[in-house]
Amino acid sequence: MADRVTIFLDKEWRGTKSTTFTGRPQGEQVRDEKVLLDEKDLDSHNYEVVIPNDTTAFNSSFYLGLFFPSIEKFKTLVNFDNKYLVVFEDGMDEKVKEKLNEDIEDSRRQAMNDLEDLDSDGFWS
Amino acid sequence: MKDRIRIRTRIEKRRSEIETKRKANKQDNNLQPGISAFLFLSRPKRTSLQRFFIANDFGVESVLINIQCPKEFSLTDKLEPSLVFIKKVFSCLINSNKDFVLDFSKCKKIDLGALMVLEIMVQDYQQFQEKFNSSYYYKVNKGISSKPSTVWEVNRILFALGFITHIPAEKPVKAEYLHLSLLTTSKAKSDVRENRKGWICTKIRDFVDMSLKASNVKLNSDSRNSLDNLMGEILNNAEDHSELNNFYVDGVSFKEYDDEGKTIIELNLAIVNFGFSIYEGLEGTKEQNSRIYGFLNDLYNTHEDQFTKRKSFSKESLFTLYALQEGVSRFKFERKSRGTGTMSFIRAFISLGSLGTESPEHLSKLNILSGKANVKCDNVFAPFPTGAGERVRHRLSLNKEKDLKILPDQNYLVTNESSFPGTLLQVKIFMSEDHFDKVLEKN
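Protein chains in written order, with our numbering: chain E, 1 to 125; chain W, 1 to 443.
None of these hints come from the bench; they were simulated from the model. Treat the hints with care, since some could be wrong.
As the list claims (entries may be wrong) - A few chain W positions that, by computed beta-carbon distances, are all more than 10 Å from chain E:
#1 N133
#2 C201
#3 S432
To be verified - So the derived list for chain W, only partly shown, Cβ under 8 Å to chain E, looks like this:
#4 A55
#5 L161
#6 R193
#7 N195
#8 R196
#9 W199
#10 D206
#11 E233
#12 N236
#13 R347
#14 A348
#15 V392
#16 R393
#17 H394
As the structure is a prediction and not an experimental result, all values here were calculated from the model. Glycine residues also receive a C-beta, built at the ideal position from the N, C-alpha and C atoms.
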């Protein structure tokens with residue numbers, strides 16, 4: 001844990017007067033232009049990604065825009081978690097943390113659904 | 001000599017062209033007497049929304065002074081007459097500089113979505129008029145007024161959205177309402193910091209919070225998070241489908257009282273984007289998105305085998321229903337994980353409005369109108385989970401069997417004759433203090 005490098009998600013990346021990280025294009029933009037995760041995926045460091053205080057929601061569209069290409073590269077969530085750990089800024093309200101964790105879990109569920117190589121029957125079942 | 005003949009021919013040709021142009025202009029001017037300067041000057045300056053509507057066959061109706069609103073003004077329940085009314089209004093906005101009246105006197109039922117489309121058109125025109133007047137000596141000042149309905153509930157929403165300035169006194173009670181106001185954004189913003197979606201989510205959340213306060217309920221961090229998430233997802237979808245790179249949101253809530261005097265909140269929310277329909281979006285990317293499109297086609301074949309003379313559906317309406325299912329997206333080929341937003345929204349709003357399961361007069365309604373397809377969802381046919389653990393997917397089958405491979409109920413999936421040029425998502429839910437506590441505990 002101690003040797004993880006910190007990536008701080010800037011409050012400004014929530015957009016104008018917003019408390020929510022939302023939008024797939026916005027997540028992709030942060031990935032590609034702000035935190036350069038494609039490069040980080042390949043380096044030898046492990047990272048902790050910090051969600052700032054006053055965040056009220058962490059939308060799955062933003063999460064997947066930001067992290068899905070990495071999850072796809074690392075193939076399993078365990079491998080992905082070894083590389084990137086999402087944490088909260090100190091002092092965040094416990095209840096809010098709990099909800100944000102639920103957002104993240106839901107996003108991960110969706111990511112795993114999409115990594116499955118299903119046929120038509122499997123997809124609709 | 002030959003040169004002279006050539007020059008004369010050229011001159012005659014030019015004269016003929018000028019004459020044809022003159023005649024065309026005259027004909028145009030005859031159509032809208034007294035407005036030639038306005039039309040000539042304004043044409044190249046039309047807003048993108050006006051150009052979009054013109055391209056979609058709006059603006060060809062004759063210009064009227066008094067435009068009669070249909071008995072039921074609802075895009076989700078009575079699309080055809082409602083669209084005709086909207087088209088007439090648009091014609092009056094762009095083809096004439098005369099004042100006109102929106103006549104709601106025969107209107108008995110109205111919903112937010114339809115009224116919001118009018119609101120968007122009028123606001124867009126007013127901005128256009130303002131810009132025009134600041135640029136030209138010729139001034140346009142079109143007066144748009146409204147004649148109220150005889151039905152109190154219709155007047156209440158007309159008043160809330162500013163279409164009428166007072167409610168004719170028929171009831172001893174005053175209208176108690178909150179209006180979100182028309183919100184819009186543009187995805188043309190290049191930097192993540194300039195994005196306004198999150199801000200709009202916050203505005204909507206605050207609006208719901210204020211609406212609930214009337215029944216002594218305050219959103220806690222759980223429900224604030226849920227609402228932010230939902231609105232974020234649905235606005236992302238609306239933006240993705242817009243040809244004009246934006247979407248519009250409006251909401252209005254009314255405070256009512258049940259027989260025991262307890263407060264009931266009626267919350268209405270509508271989100272609209274103009275552009276291609278959900279079905280058109282899927283068709284437009286079927287080559288790139290062949291895997292998912294193939295899944296949709298397989299399901300369509302399963303459904304088609306069940307068609308009878310009495311029960312069948314258009315491909316457009318079934319594909320629209322399929323598109324709402326988790327994991328389906330027309331962008332699946334771009335970055336793999338997409339297609340969950342609308343289902344999350346439906347799940348949450350049906351859950352928030354679950355008062356309708358206990359009291360039929362307070363049934364929640366969620367409609368998705370896209371092109372010719374109209375998906376209706378309520379407390380009876382709500383989304384349900386399939387699979388287990390991390391593999392859960394949420395499905396909306398619109399049938400009592402809760403089986404996506406069985407045909408939906410015809411009352412819940414409808415194909416209209418006319419096509420709405422975009423997608424409208426409209427929600428009406430009822431909430432009470434007692435009930436909302438239960439919802440919060442449950443979720």
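Cross-check of the supplied hints:
For N133 of chain W, the non-interface assignment is confirmed: its Cβ lies about 30 Å from the closest Cβ of chain E, beyond the 10 Å cut-off. Listed as outside the interface, C201 of chain W is inconsistent with that label: its C-beta sits roughly 5 Å from the nearest C-beta of chain E, within the 10 Å cut-off. Here S432 of chain W stays apart from chain E, with its beta-carbon at least about 24 Å from theirs, past the 10 Å limit. With its C-beta approaching chain E no nearer than about 26 Å, A55 of chain W sits outside the 8 Å limit, and its interface hint is violated.
With 8 Å as the threshold, the beta carbon of L161 of chain W stays out of range of chain E, its nearest partner Cβ sitting at about 24 Å, so the hint is violated. For the restraint placing R193 of chain W at the interface with chain E, the shortest Cβ-Cβ distance is roughly 5 Å, inside the 8 Å limit, so the hint holds. The criterion of a C-beta within 8 Å of any C-beta in chain E is met by N195 of chain W, whose closest approach is roughly 4 Å, and the hint holds. At its closest, the beta carbon of R196 of chain W sits 5 Å from a beta carbon of chain E; the interface hint therefore holds under the 8 Å criterion.
This hint holds: W199 of chain W has a C-beta 4 Å from the nearest C-beta of chain E, less than the 8 Å allowed. At about 11 Å, the closest approach between the beta carbon of D206 of chain W and any beta carbon in chain E exceeds 8 Å, and the interface hint on this residue is violated. Hint on E233 of chain W holds. Least Cβ distance to chain E is approximately 6 Å, under the 8 Å limit. Below 8 Å, beta-carbon pairs count as interface contacts, and N236 of chain W has one with chain E at about 5 Å; its hint therefore holds.
Interface hint status for R347 of chain W: violated, as the beta-carbon distance to the closest one in chain E is roughly 11 Å, over 8 Å. For A348 of chain W, the suggested interface contact is broken, since its CB lies about 12 Å from the closest CB of chain E, more than 8 Å. Checking V392 of chain W against chain E: minimum C-beta separation of about 7 Å stays under 8 Å; hint holds. The criterion of a C-beta within 8 Å of any C-beta in chain E is met by R393 of chain W, whose closest approach is roughly 6 Å, and the hint holds.
Against a cut-off of 8 Å between C-beta atoms, the interface hint on H394 of chain W is violated, since the closest Cβ of chain E lies about 11 Å away.
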